[in-house]
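Please build the complex by placing chain B with the ligands on the supplied structure of chain A, with the hints as guidance.
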Amino acid sequence: MTAASVLLQFLNGLASASSLFLVAAGLSLIFGVTRIVNFAHGSLFMLGMYAAVALAPYVGFWWSVPLAALAVGALGAVLEALLLRRLYAAPELLQLLATFALVLIIKDFALWAWGPEDLLGPRAPGLEGAVAIAGSRFPEYDVFLIACGPIVLAALWQLLRRTRWGTLVRAATQDRDMANALGVDQRHLFGSVFALGALLAGLGGALQIPREPATLAIDLQVISDAFVVVVVGGLGSIPGAFLAALLIGEIKAFCIGLGFSEFTLAVEFVVMAIVLVLRPWGLLGQMPAPVRGAGAHEPAFALPSRGALQALVAVALALCVVPLLSGGYTLVLLTDILLFALFAVSLHFLMGPGGMLSFGHAAYFGLGAYGAGLLLLKAETSMGLALLAAPLFAVFAAVVFGWFCVRLSGVYLAMLTLAFAQITWSVVYQWDAFTGGSNGLIGIWPAGWLSGKTAYYYVTLATSLAGIAAMWRVLYAPFGYALRAGRDSPLRADAIGIDVRAQQWAGFVFAGLFAGIAGALYAFSKGSISPEALAVPRSVDGLVMVLLGGLHTLTGPVWGAALFTWLQDSVARGFDYWRAVIGAVILLLVIAVPGGLGSILRARSSR
Amino acid sequence: MLEVRGLSAAYGKAQVLFELDFVAHAGEVLALLGRNGAGKSTALKRIMGLLPPRTGEIRFGGARIDALPPFRIARLGLGYVPEERRIFTDLSVRENLEVGRQPPRDGAAHWTPDRLFELFPNLGRMQDRLGGRMSGGEQQMLAVARTLMGNPRAILLDEPAEGLAPIVVEQVALAIRELKAQGLCVLLCEQNLHFARQLADRACLLEQGRIRASGTLEAVESLYAMV
Ligand SMILES: Nc1ncnc2c1ncn2[C@@H]1O[C@H](COP(=O)(O)OP(=O)(O)OP(=O)(O)O)[C@@H](O)[C@H]1O
Ligand SMILES: [Mg+2]
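Keeping their order, the protein sequence lines are chains A and B.
For the record, in the first sequence the residue sitting at position 191 is 860 according to the numbering used here, with numbers rising by one throughout.
For the record, in the second sequence the residue sitting at position 214 is 220 according to the numbering used here, with numbers rising by one throughout.
No wet-lab data here; the hints were simulated from the structure.
There is no bait here: all hints are sound.
Not everything, but these chain A residues come out facing chain B in the computed CB check (under 8 Å):
#, residue
1, T836
2, D846
3, N849
Computed from a predicted model, the values in this text were never measured in an experiment.
No residue lacks a Cβ here, since even glycine has one placed at the ideal position from N, Cα and C.
Just chain A, same shape as in the assembly (with noise of 0.2 Å):
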């Protein structure tokens, strides 16, 4: 590499650590001050570039840009008023489920409004051209971005430092209840802070319509980058988002420069992973003050009572003679249902009891599968022994990944979990050779004597409800207990002896072994499996499941991964925009049922 190209690799690094930080420092504010983490901030920077793209050819692409950024900001100060202010108060789980439906809605929006195809946007007037720099060329329009960064950065330190709204905007990050007693009304502050969140996440999309075409896809593409700079900053600090973002920018570069283009998917999180080891809260971050009676509102699972035990053993029954009254659809719809109930119940031993919010369990369920597949097709064994021992791929991914979780705590450990899922599913998408690439992998057919559905189903039925009962089991066991007391108060459990880390990372594995089980029963139900199957959304799937049955009660997963499964099913086939209906009813229970579903039938069975 020679001098000049390693100027024009840190040029370019530059220029895309700028929208990285505009996405990062809305997202690290609104965290900063709202403690909510905004999963639709991805959305916002992807509807800022549809807004711009689409204002564009009427008042040209220098008024596009503060149109897009300034509409986006006023959606954000809608949605705050409309649904987040709700939820202040609200468990930290209903605040991500809230934001993953906006997810689901404006991607459906965008998808209504736009179609599905990629949409070119114009390019800069007047920024068209080429600088030349060290005997190559380089795009004006870059050197505009690179700028855009440090005066956006030097706009929001002097808002913050030098303005009444900025004091009261830092005070209430640091303490808002001593905000609030002292006269600063949250709403407006929080309504603000929400609508200059949008607002930069807008801008940070518009401004990226001359280098690249919106497409609905880049909404989780950004929001995992922006975590990632979020996380590595320190959450909440402006300039640490910055700082990050150039980290993440220039190494980005570098990789593609030096010939390593197929690391750059991973090697943010690689970053992300190694910061977090070695400095918890972020380059510039400082420790979060700890929640004030955290936990002391969880209600402990009660042994369920004789009726209900009866209940789900009739239920189990039930589900054995299914396949003697009907058959073909509906036995896919029940296997499907069946193990994505194991794939929930298994999140919801991490979330719930293990108190480990995860927002990449999707990687264990995809390794699973990726173990069934490659077992089979490439190590050739038989289907038995592939079902068998593909959990153990997933049950390996637990250990090396859970050593390092169980090190963090809160929004931190999720940030790394996601960090680990997104490095599994980088592999696997780019080592063609082994895993197919992109493509997947294809025939992993059950051998004959289960290739029927029924077959099949039985077998799966067997090992869900195995599986199932098996982490409920272990709730009431010793290991369950003390799970359970790491999590309510992590101190005074190491104080009577328990080994609060060790505990964590064994109910990380378990919890990694059965949606490794799950992943490989739905490799062989399918016949094949793609990279989708470890992805964010998949997660995503898992997380709605969970917090639609209620993350507090036992048998909330297995109704929440029935209602989503079906729901996904039956309006998918009829309805393009069926992740905006599933959106829609999530904010709906997340506002009139904050328990979940589970709460529900927990209400009428204790009436």
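This is chain B with the ligands only, laid out in the frame that chain A set:
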């Protein structure tokens, strides 16, 4: 000015306060005495709207405030200085004061940073110091000053002398007398009798969440010694 009737409070399911009744008037210092865990801080948080409402009535200047959010209560002119002070450590002294600033209010003194620096000369010498870099005594004064920036008509003080050197305690006492002289209503939570004796006009004795006695300081004092 501040009237509390049948007030109760709880953390989750554990009830901590039972049927408190007391009244504090303008221009007087009412001491709320009680040992550790008696419920003094809880009472202030409940008045300030920082705990979920339960039974009981709170009136401030004649208006019901028991269902209002904290910022509304503060804007009516009720100031709160918490026991842990809760200074914004990332903000400078001036910025801490800025957070507390409210528009001038009829019938209450109008405080500006400069007037507060006269009352607390120490603060005046460290206007750009970060809150996190101040001593406990300095933080205590800043906490009081920050609340005064809201131009309150009444102020809730939670053990303002706790953990401070005698000379600093003296300064705090001086400031409280000054506030009283200006006609402020002061509700002072205290377990240090010596400090309360210097300032209080009347007192209530709080024991395990109930008011055990109230009246002149002398009357309550003898009971307090026995608890
Ligand atoms: N956040 C909380 N959650 C649960 N219980 C609490 C909480 N804060 C206080 N308590 C309990 O409420 C009771 C009253 O506490 P409070 O802090 O009001 O006492 P206090 O009179 O201010 O004591 P001190 O003089 O130590 O400050 C105590 O029994 C305490 O254990
Ligand atoms: Mg106290």
